[in-house]
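Residues per chain are reported as follows:
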Amino acid sequence: MSRVPLPEVPNRLPDVESERRLNEIRRTAAQSGMVTAKGVTPVGAPFPQASPETGYYGVPLLKEPQWTKEVPLYFFVGGAAGAAAVIASAAHLFTQDDDLVHSARWVAAAGGILSPALLTLDLGRPSRFLNMLRVFKLQSPMSVGAWTLTAFSSFSAAAAFANAIRQKLDSTPVYVLENIAGALATATGLVMASYTGVLIGATTIPVWNNNIETLPPHFAASGMNSAVSILELLGHENSRSLNLLGMAAAGYESLEGLMLETKRTRINEPLRKGKSGWIVRLGGVLSGPLPLALRIAYAITGNKKLRRAASWSSIAGSLLTRFGWVQAGHASAKDHRIPLELPESVPKVGMSSHELADMHMKMA
Amino acid sequence: MSTTAFLTDSTLCIGCKACEVACKEWNQISEDGYEWSGHSYDNTQAVGHSTWRHVKFVENPVEIGLGGNSGEQLPAWGFSSDVCKHCEVAGCLEACPTGAIVRMEFGAVFVQPDVCNGCSYCVVSCPFGVVQKNEEDGRAFKCTFCSDRQKAGLAPACAKACPTESIKFGNLEELRLEAQLRVKELEARGIHDAVVYDPLDTSVKGIHALFLLRGDPRSYNLPPHPEVPTTYMKKGWTSAAIAAGVMLGATLLAFLGERR
Amino acid sequence: MAENHPVGFQWVMEARHKGAKVIHVDPRYTRTSAMADYWLPLRAGTDIIFLGALINYTLTHDRYFREYVVHYTNAPIILREDFRDTEDLGGIFSGWDKEKQAYSPETWLYEGAPSADSPSGEKAGHSQAGGGHGKDRGGEAGRLYKYNDDPTLQNPRCVFQVLKSHFARYTPELVERACGIPKEKFLQVADVFISASGPEKTGAICYAVGWTQHSKGPQIIRAAAILQLLLGNIGRPGGGILALRGHATIQGSTDIPTLYDILPGYLPMPFFGSDSQKLESYIKKHGSETGWWANFDRYIISLLKAWYGDAATQSNDFCFNYLPRVTGDHSHFGYWLDMADGKMEGLFVMGQNPGVGAPNAKLQRTALSKLKWLVVRDFVETETASFWKDSPEVQRGELNPKNIATEIFFLPASGHAEKDGSYTNTQRLVQFHEKAVDALGDNRSETWFVYHLGRRLKAKAAKEPTPRNAALNALTWDYNTHGKHGEPVVDEIDGEINGYRVENRTLVSGYRDLKNNGSTACGCWIYSGMMPAPDENKARKREPHGLYGHGWGYAWPSDRRILYNRASARPDGKPWSERKKLVWWDEEKKEWTGHDIPDFTKKKPPDHKPDKDARGDDALAGDKPFIMHPDGTGWIWVPSGLKDGPLPTHYEPLESISSNPLYPEVPVNPVAKKMERPDNPYAFEGGDARFPYILSTYRLTEHHTGGGMTRYLSHLAELQPELFAEISPELAAELDIQHGEYITISSARSAIEARALITARIKPLLVEGRNVHQVCVPYQFGYKGLVTGSVPNDLLAISEEPNVRIMETKALVCNVKRGRLPQGKAGLEVWKEEMRRPA
Ligand SMILES: Nc1nc2c(c(=O)[nH]1)N[C@H]1C(S)=C(S)[C@@H](COP(=O)(O)OP(=O)(O)OC[C@H]3O[C@@H](n4cnc5c(=O)[nH]c(N)nc54)[C@H](O)[C@@H]3O)O[C@H]1N2
Ligand SMILES: Nc1nc2c(c(=O)[nH]1)N[C@H]1C(S)=C(S)[C@@H](COP(=O)(O)OP(=O)(O)OC[C@H]3O[C@@H](n4cnc5c(=O)[nH]c(N)nc54)[C@H](O)[C@@H]3O)O[C@H]1N2
Ligand code: SF4
Ligand code: SF4
Ligand code: SF4
Ligand code: SF4
Ligand code: SF4
Ligand SMILES: [Mo]
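Chains as they are written, first to last, in the numbering used here: chain P, 1 to 364; chain C, 1001 to 1260; chain R, 2001 to 2839.
Incorrect hints may appear among the rest.
If you want the ones that stay clear, here's a sample from chain C, every Cβ over 10 Å from chain R, calculated [unchecked claim]: (1) 1061; (2) 1110; (3) 1134; (4) 1148; (5) 1205; (6) 1230; (7) 1256.
Which stretches of chain C does chain R cover? Using the computed rule of at least three CB atoms under 8 Å from a CB of chain R, they are [claimed, not checked]: (8) 1150-1159; (9) 1171-1183.
I should point out that these hints are in silico values taken from the structure, not numbers from a laboratory. Remember, predicted model here, so these are calculated numbers, not experimental data. No residue lacks a Cβ here, since even glycine has one placed at the ideal position from N, Cα and C.
Full structure from sequences and hints, please.
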């Protein structure tokens, strides 16, 4: 940018210190376009600036998520319930542990009932919850989720109900019903446990969409982790399979944590820094390395306290993880810089008049 | 009805905010607080649930002798009236689970207030940070493109109020052409830094509220590569499918082990 | 202009689009600068130097429009031998009366023009009490149709040569030194502007209160007028000096005035004194023997007939003596100081908010407490209405509500959408507006209020037919009313303004129909013709056609869109150029014609040469377009009518950081009134160390004047929610001020607080080798409404420019400090501390 050459300043009052200082300030201002003297703070300029680097006075370009606390809670509940439905079917299929099947079905059903309630509470207009089922839109993870949740709630409830009847009255139709409902609950449960990763990933929030590939397994593992732990705390402390599953989930979560710690991109900053960073980290430790170690220790020593500690830790970790990610979304939305960054590969939007002229030259 | 659009030409904008106020008046939107921002003369800061047109004020270094219409430097004060982009592929519309957001016959992206249930998923799906939930009301709001007025054959209130025709309202393709012509015209007048903001080559596939600006659109918080979030979906669902498969497999395996 | 006349500014944008260059001269870089090609920041209060230098440049480079100047202006006219210029007398013109602190203007007359001493022997000149609003016809100091001229412009005593020598010292170097505009930037812009003149081109100058609100405001505009006349830019399309006026119908409020010194149609209010006792002598003094104002008698007599009806007869001077007389300075400041001194009993405040809007607002509010009664009509409770309970004076303990005896009536007014009426805009275009909604609650229109108040007063006076009540009893006050509240019928008022024949009450078709024998009545002669038939109110018209929008509203006089448009044709009647043709002489039809309604007697040929003793319009030759002047010329030189000199000359603002670079002995306009008194003190002249910075006030697009119409409305209040002061980064650095923090600004009158808006749009200027800082504050905040702030007008001084008695708001001095101003008494202490600093 061109600037007027500064005229030589004749000083009428050369003895006045402030006048001299002003000349100095004036000179630097004219030369560098900014004033850095004492008393002038905000970074790089004496006043907030709008520029390609700062964006519009640092005002966030994106809107912050407006979900209430019920949403991360729902992520947790829905994830655990979905995983529980899977466990119920697997246990039903391969074990005689009917108690476990019973509990798992009930955990799934309870989650299936709690989830819509949580989601409804989050809505700005809860009375319009049913509008979620007005349309089915494959391109909207929220729509897919709403339908999945509806299906899951019905199937898991039906399975639990059938299971309850079967306990009293062992009839084939009931058995068949439970199995079909259970299978459908499992199928939808799998979606329940993983789709929330897509739900937040397929948004404009950089920290979410940047991690969309790892979010579904992360949330699925987290769901499994908490389902296993809930079942254990409900008394299924002896199931080796549950411990194995818990180990697998915790193992995956440890890997995920490691990955997040090492992928030091600016987009991922909210996962490491600030309030959201601490929640995510704590959640990661509590659902990854800590329960993994405890479970291994339990497998070796057989000390049930260790396993119980692993369960509690996983549940807490899983909850924190969901809250942490949502929180990170807020922080990410507030960072105006990322959506303004220009990766090499992406062409600039809009054409400068030079480019336009070039284009016309070429066309001619 | 043909596809209608805005061309907001910031080289004609005098920052009078008539558009912002006309929009609020017509649509009966509330004020968004009485806070002094210190961001030049802009105290409403951004479009949101209670501001659907918003005039941005960008200050650049000043040189004596050069007004903002000279080509030799960026205008010391640039104004640009922001609005919902009514994207060709609209993140909000794609994301809305209730079908509250619809495409009108003239191409506008419209939130039906009687359908929206306030799930706020659109909020995180707009690459331009436009639509927002009004926490008190519970529903999401944004520019309606004055669908009510357009249906009655009237121009949108903001365009109508604009004294300098900085907000041009008309047919999309015609305005696209006009925007390019205007850039050439400015070029001829010695202004070489005018650009048209219309992200045609991104997944948004162009917008119905075009902007003509001087300098880098990023100074006005216009993202250089806006993406519709649905573009991430393939990756997401693939990974979810794998996750689900692995989860199912792992669970089955774990219990299969138990039986043995 | 973009800031305060955004709708009008669309035409500037349009012109820019067609290739016009836009130059903006303003201490601040504003929204207008952002649209301009050139922005020149200058030290506030130095416009005469800037314009004078443009005049000087035009003259010394022979860039003036010679043919136009010779034929259409008074440049060739020879001046009296005994005239002395400010350049000779060190800052004052000849005729200065040191004792009276006033000029006697005879030496400014043309050579040979007889002085117009009044029949009663009173010396020619201007009433001290009077303002200048009604004096633009000129000629009351002398009979100006008599003069000698030199068409070669060579005579050293001709206006042209005197002008040349008067402005010879106004050089680009002086501009650089005094205004702070770099010389080369000035030269660049001078060339751009002057190049836009001549037969093929025109340039316009727009101004508003950045020029008027100075202790020499009218003279700044005079300087612009001189420049435009030299360049041939008056009376031609795309030319002119365009006053961008203020409130929506402020033009209307001077046409049909709310001012104390004029009657409708710019007829002067009679002054108390011998010359105004008889109608004849009043007409002789204020009328003119030649030029259009020779019709003065028709207009005043028709006005008196409209007001006093049948009571006005030839034998009683048409009730001329019922008109009140001006006995002193009854301008806003004149009577407000009287009020402060306890000399007034009551006051109506209708559509004004001086508690915020008027300078030295503290004095304004305090003075209200001396009244017995106060009526405020507004649609919000303004600071003026509530001064007694929540003003800073009450908070600081200077006023105690318990001790204020003023009885206050707050009456709700209808907004403009709630009533029929009209706006007259800057272009003199009268536009009707219809009521959109019925008034809410007890809201009533001004017409309703004034009409019914008058009716009740008349009813009262009718019971007591004393001489004192005679005028009221004679007054015609008989409009029909309609609606449930008895709203007067606006068209009836318009009909009376238009004028009618007394015998049959038929409407006249224009002011040419008005008579001086009492057979016609007319409420405002310049509006005559607006409503030639009961069903034809042209102000209501909305069918524009042609290049100048005829058919949309009604531009007084005679629906003329450009005044003095005879000047758009050459002396021989042909257009100056095809491109710039507006009106011309049609040789076949032997009449003037064109795109606009010719501002010239239709059948008067271009080569008309008047007889020696011709009078009135006939006395003006066919090539004299400025028909309102007795000599028919555009006045580069003002021989009569101004109180502070025939030519503009630079004086410093009444409060200045600098001494006068041209006349060290005469720093400020000698005729301007400071009205200095303990409650209206000033900083010391020539630079007061306590107040090192220039203080300038302005408006924001987002608010309207005192804020009664904006600070109370959420959609506008949110746009500018707090008072701020614009300062340069350099000043901020010098004073360690952070962006957005509160600063305290103090003047000799008071101190206020504001947020610091540090912006590079304000530049320190290099003036006389010094860095000069300007602190710019929007004056529109107060302590009521949705958004509040200090009242910047507390900082300002009351002052009066001599001609129109406007105050100086654009150039004062102040000091700035970090930090807030404490509330209540402590704030007062902070200011007193400032005052105790060494000066
Ligand atoms: N939005 C809005 N519009 C309005 C009004 C309003 O309050 N708000 N008010 C209306 C009224 S009543 C009026 S009178 C008009 C006034 O309209 P303007 O005259 O435009 O009003 P201001 O902003 O007071 O002053 C104009 C400019 O003069 C500059 N200035 C200050 N000192 C000087 C000087 O010495 N020389 C020069 N050349 N410039 C100087 C100021 O920086 C400012 O930018 O606007 C009318 N229109
Ligand atoms: N420092 C500084 N001071 C200035 C100026 C400046 O530039 N600097 N500018 C000066 C100028 S140019 C002006 S014009 C004055 C303006 O100053 P004021 O005239 O005192 O202020 P306004 O706020 O315009 O007051 C108008 C009031 O009329 C009310 N109103 C509106 N419509 C109606 C109606 O139909 N009927 C009635 N009864 N009331 C109505 C509004 O609510 C408002 O309160 O300020 C002057 N003061
Ligand atoms: S800008 Fe945002 S809110 Fe507007 S249509 Fe595009 S995605 Fe939707
Ligand atoms: S908040 Fe309303 S408009 Fe937005 S996605 Fe949800 S239902 Fe659709
Ligand atoms: S189109 Fe209508 S709703 Fe949209 S910004 Fe303009 S005025 Fe507001
Ligand atoms: S109304 Fe027009 S000129 Fe005014 S701020 Fe809006 S876009 Fe700009
Ligand atoms: S406020 Fe009214 S008068 Fe002023 S610019 Fe706007 S439309 Fe014109
Ligand atoms: Mo004004």
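Structure-based check of each hint:
1. Residue 1061(C), annotated as away from the interface, has a beta carbon of chain R within 10 Å; the closest lies near 6 Å.
2. With a cut of 10 Å on Cβ distances, residue 1110(C) stays outside the contact zone with chain R, its closest approach being about 23 Å.
3. Once the 10 Å rule is applied to beta carbons, residue 1134(C) is consistent with being away from chain R; the minimum gap is 15 Å.
4. Every C-beta of chain R lies more than 10 Å from that of residue 1148(C), the closest at about 19 Å, which supports listing it as non-interface.
5. With 10 Å as the threshold on Cβ separation, the claim that residue 1205(C) sits away from chain R holds: the shortest Cβ distance comes to roughly 32 Å.
6. The beta carbon of residue 1230(C) sits about 35 Å from the closest Cβ of chain R, which is more than 10 Å, so the claim that it is off the interface holds.
7. Look at residue 1256(C): its CB is around 66 Å from the nearest CB on chain R, clear of 10 Å, so calling it non-interface holds up.
8. Check on the region 1150-1159 of chain C: 0 of its residues sit with their Cβ under 8 Å from a Cβ of chain R, so the three-residue criterion for coverage is violated.
9. Residues of the region 1171-1183 of chain C with a Cβ under 8 Å from some Cβ of chain R number 0, which does not satisfy the need for three, so the listed coverage is violated.
Checked against the numbered hints above, the structure violates hints 1, 8 and 9; every other hint is satisfied.
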